[in-house]
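Trainee: One-letter residues, chain by chain:
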Amino acid sequence: MKYALYAGCVSKGGCPELYPAATKVADRLGIELEELTDVGCNGAGVLPQYISDPINARTFAKAEKLGLPMMTICSTCQGVMTQANHRLKGHPAYREEINREYLAEEGLEYQGTLEIKHLLWVLFEDLGIEELKSKIQRPLTGLKISPFYGCYLRRPPEIMMPTPETKQRSTYLDQLIGILGAEFTDIAGKGKCCGFPILQASEENSLAMAARHTGEAKGKGADAMVTPCPLCHLNLDGNQHRAEAQVGAKIGLPILHLPQFVGLALGFDAAEMNLQRHIVPTGPVAAKVEMLS
Amino acid sequence: MQVTFDVYRKDSGPDAQPWRSTYDVDLPEHATVTDGLLKIRDEIDGTLSFRASCLRGYCGECLTKIGRGNRFACTARVAAVGASGPIVLNPVRVVPVIKDLVFDWDAFMWNKIKAVKPWLEAEDVDDGETVISDAAMKDLRKTMSCYYCGLCDEGCTALPEDFHFLGPAALTKAYRFVFDPRDTQTSERLKILERPKGIWDCVHCFEASEHCPRGIEPTERIIAMRDLAFKTGITNDRVARHHMSFAASVKESGWVDEGRLAVESEGLTNIPGLIKLLPTAMKAVARGKAPIPYLHPKRPGADRIKRIFEKGEQNAK
Chain Z
16 MKYALYAGCV SKGGCPELYP AATKVADRLG IELEELTDVG CNGAGVLPQY
66 ISDPINARTF AKAEKLGLPM MTICSTCQGV MTQANHRLKG HPAYREEINR
116 EYLAEEGLEY QGTLEIKHLL WVLFEDLGIE ELKSKIQRPL TGLKISPFYG
166 CYLRRPPEIM MPTPETKQRS TYLDQLIGIL GAEFTDIAGK GKCCGFPILQ
216 ASEENSLAMA ARHTGEAKGK GADAMVTPCP LCHLNLDGNQ HRAEAQVGAK
266 IGLPILHLPQ FVGLALGFDA AEMNLQRHIV PTGPVAAKVE MLS
Chain W
3 MQVTFDVYRK DSGPDAQPWR STYDVDLPEH ATVTDGLLKI RDEIDGTLSF
53 RASCLRGYCG ECLTKIGRGN RFACTARVAA VGASGPIVLN PVRVVPVIKD
103 LVFDWDAFMW NKIKAVKPWL EAEDVDDGET VISDAAMKDL RKTMSCYYCG
153 LCDEGCTALP EDFHFLGPAA LTKAYRFVFD PRDTQTSERL KILERPKGIW
203 DCVHCFEASE HCPRGIEPTE RIIAMRDLAF KTGITNDRVA RHHMSFAASV
253 KESGWVDEGR LAVESEGLTN IPGLIKLLPT AMKAVARGKA PIPYLHPKRP
303 GADRIKRIFE KGEQNAK
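Chains as they are written, first to last, in this note's numbering: chain Z, 16 to 308; chain W, 3 to 319.
Same shape as in the complex, but just chain W (with noise of 0.2 Å):
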């Protein structure tokens, strides 16, 4: 089949100026996108770059995007996206490009990866083996099945807003170690984990779990890394102070005391930070719908829900 690639290019170096080149290529209708690539590269345009390794959608290496959405251009049929037109290709979102498709790893992944501290560190044991047991290694061996493809981060909301987020592929990594029963470094890690850029920084909207194709679920790890984090107490001032009013709130009164959140969350004493939230209750003010701090009935019931709420926070420990 008659098939045209329409590609992102662009040379090395700070200056250089993204351009587009289109080929014209027959191709077998079984093959893939990474095989236009290669025969462009060999037959027409050797200065085309791009990543290839595995040829079997294992190694995430060709991670691409193609048409609209993300995709390993090794497992992509030219028959299926290039059926209506075009085959579009460019690099992933918000990552910076070496060359052509050719987009920076280190920066992408492996850096945030390092920043984790990807490797167990266990006590000590005299026989120089720790024994435990295979339910306890179940959950962490899904995690183990990552294969960093990086589609996880490249379906992230929030690293096109902030690339220095550490993304749900590194911290899927830390949960590994942190849920690790040998390791010995839980709490440190949590602390590195809490500080700005990582486990606070997620927004939770479950994209990188429907991204994952392993079923990795990266957003419920982060989840139960904050969860973690919760009962062990929050390092992280700004979201302590948020987490433990929206909790008095609710353990008081049944539900959320909304003006009291907002003057808790900058803190009480917290002039500058108060006086940033001025504008905004000025304005709900002026539309009658500030809601007044700490002037929050009570639910019917709320008794019971506080009740529920120590009781979980006692069975927890």
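One chain only, chain Z, in its complex shape (with noise of 0.2 Å):
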């Protein structure tokens, strides 16, 4: 099982402790990955679409030229690329004029073949589900888990689940917890948006989604909450000190990466997986993970 890894710019960027938690966990589950490094920012959503899906073409070429499916650790990168290349893979004349205008240059062409899914797709569609939990050391019991999966990964369905198997994806965060051992915490905010994309526009709203999710996993009882999206960390936990100020309550909920949570679950303690990174103090987690040991 071999991948050409997407690794984007927020897991060596503002959440460093990403990108080294997937590379392990990937390790020990066995899942080989050669790391794409000569490729662009996909737009994330802020670049229009008449620039990204060039930059996007080249990344797809490039992995193509591999022979190699596509994986990525981050939501926001999942969503925009699984879009742009179902631009590319659906309208060939569109792919050809791309390819012509932009890569041609380059001696690269994208002939529209390349699958891309994020590594939460890959523990389900890939790796299965009997293998996973056969390299599951340390069963996360007592554990009280909120699922965050932001917008990208579900939305549009028609494009991100296309098919009936695949319809499961919008619950593959939900299952992943029990069946990493912990307890399932449901919240009715998990597939809103967590409010990253508009810190700039509208600070305070921004900062109100964020107060809402987590607090409301916090008041179910959660003791974290997971996310397979580092730009949905970003905001839920970078900025969790300032929702809090916002709305005049503490929250004090920590939120952990999905490579994080499967990588606790594989015997991994709580500093191989970065956890004293995170701007929430996750100490609370970490003991309790330890005590598991």
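Be careful, since some hints might not be right.
Unchecked claim - Derived pair list, reagent style DSS-like, types lysine-lysine, alpha-carbon separation capped at 30 Å:
id, chain 1, residue 1, chain 2, residue 2
1, Z, 159, W, 291
2, W, 291, Z, 303
3, W, 67, W, 199
4, W, 319, W, 199
Unchecked claim - Simulated restraints on C-beta separations:
id, chain 1, residue 1, chain 2, residue 2, range
5, W, 16, Z, 261, 23 to 29 Å
6, W, 86, Z, 193, 20 to 26 Å
7, W, 135, Z, 45, 53 to 59 Å
8, Z, 52, W, 269, 28 to 34 Å
9, W, 124, Z, 218, 35 to 41 Å
10, W, 109, Z, 174, 30 to 36 Å
Derived from the structure by calculation, the hints contain no laboratory data.
Don't be surprised by glycine CBs; every beta carbon is placed ideally from N, CA and C.
Put the complex together from the two separate chains, hints included.
Mentor: Dropping the structure here:
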């Protein structure tokens, strides 16, 4: 099982704890990764499509050339690139125009065959749950975890989950929490926006969203929240203290990256998963996990 | 079949407190929620207020929260929504209620539609007619099929936080004129739409598109207007600083310099704005995770990405 890894900007920038956690977890699960380094930012929903589609076509051409499917560790990267891939695969004339206009001078061509999968999808669809279960060293018994998918991994559903089998993707994170032995603590906002995309345009609304979702999980007794999206992490963890100040209430909910959560169940300790690098203190979660060892 | 309705009630007036009424009704299997409400009003409780008009799932008047989801009461079958217990009816989220299930459509949508100047401002032509190609109208015709049911606003993630956000329904209406080849006010329209509470307040979560029953894709329409604003020059200062910094670091290095993005989004001379960043920055430094602005290595292939970026900008003009 081998993938071309698209690491994204945030896993090495604002959330540098994510990249090493993801690669350690992949290694332990026997998921081989060949990182794409000579590729650009996918636009993250900020750059307009007339710029991001050609940049993404270049990325796809490079992964396609390796003959590997591409794996992401960020819901925003996954969402933006799945949508770009949908346009490029579905409209051969558009793809050819981009190949001719932007890629040909570098000797590249995107043929429209690339499959792109988030690590979360890889666990369920390629690795398989039985295989994952066999690698669990430390079931996270007693840990109450809320899922937070964010926007981009589930919508638009006709693009992100286009077949009857992939419809299951809307519940993978819910299922994973139980599979790893933790207690699933559901929240209504798990598929909503974390607020990060409008931090500049409307800071107040953005922080209100962060407070709403973390507050909901905290109110239901969650020890932590797990998210497959590092941009959600930036708002839910990094800005949680500002969200608290805005709503005038302490929340204090640790936010785990998906690979960190999996890693803890695979037997890595909290420090190996870089939990100490979060803005919201993760000590109580780490202590609970250590007691399970 | 015996059906129990559990209905939100509230009198008009600012001090009115909500309560709930429960009604047991005998209805045929094929009856809709609106059939049930009509029967309640006619036979049990004449004070119950709700909206109903076309009774065929078209006009959107009866948009109601039924159980956990938001539906048209006139197409929701009691056999389906009442199969496992009482049918719980509430007004849709965050909208001012006038009475019971009747909410304020003006505040919910019509005032916002009016705010985007929903009329064409075409140049006067000598023969009184502007002929445009069918191809040019094809995309717009899709947005013109909107019948203002409000489900996109109902699904919107941003509206519960800020009821004054224009919302996807009004912004889709705006799109219909922004991209009309006959309209002469494109840049003026964009200026209005770029103000706070407009296109940049959308979180592009695609909830609106998922909720639209006609496949009009409101989220994609908002994104298209943002892309057009990017092309013609963003006029919202805060967003412009953020987007231009984002674009500059991708252009120069292939990927995003997040430290630079944070400070440049506030503005390098905006001292209060930069001070506001300090607590987060200091926490990040203490955890060994603060990206240092401008200390940002180029990705291999950065020059290729820059070339694509510049070519894209050139071609879009």
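Trainee: The structure should be examined with respect to each hint, and the outcome stated for every one.
Mentor: Evaluation of the provided hints:
Simply put, residue 159(Z) and residue 291(W) have alpha-carbon atoms about 27 Å apart, close enough for the 30 Å limit, and the pair holds. At roughly 24 Å between alpha-carbon atoms, residue 291(W) and residue 303(Z) fall within 30 Å of each other, so this suggested pair holds. Only pairs whose Cα atoms come within 30 Å are accepted, and residue 67(W) paired with residue 199(W) is accepted, the gap being roughly 25 Å. About 28 Å separates the Cα atoms of residue 319(W) and residue 199(W), which keeps this hinted pair within 30 Å; it holds.
Restraint check, residue 16(W) to residue 261(Z): a C-beta distance of roughly 26 Å satisfies the suggested window 23 to 29 Å. Distance hint for residue 86(W) and residue 193(Z): a CB-CB separation of about 24 Å, consistent with the stated range 20 to 26 Å. Checking the proposed 53 to 59 Å range against residue 135(W) and residue 45(Z) shows it holds: the Cβ atoms sit about 57 Å from each other. For residue 52(Z) and residue 269(W), the hinted distance range of 28 to 34 Å is satisfied, since their beta carbons lie about 32 Å from each other.
Here the CB-CB span from residue 124(W) to residue 218(Z) is close to 39 Å, well matched to the stated 35 to 41 Å. For residue 109(W) and residue 174(Z), the hinted distance range of 30 to 36 Å is satisfied, since their beta carbons lie about 33 Å from each other.
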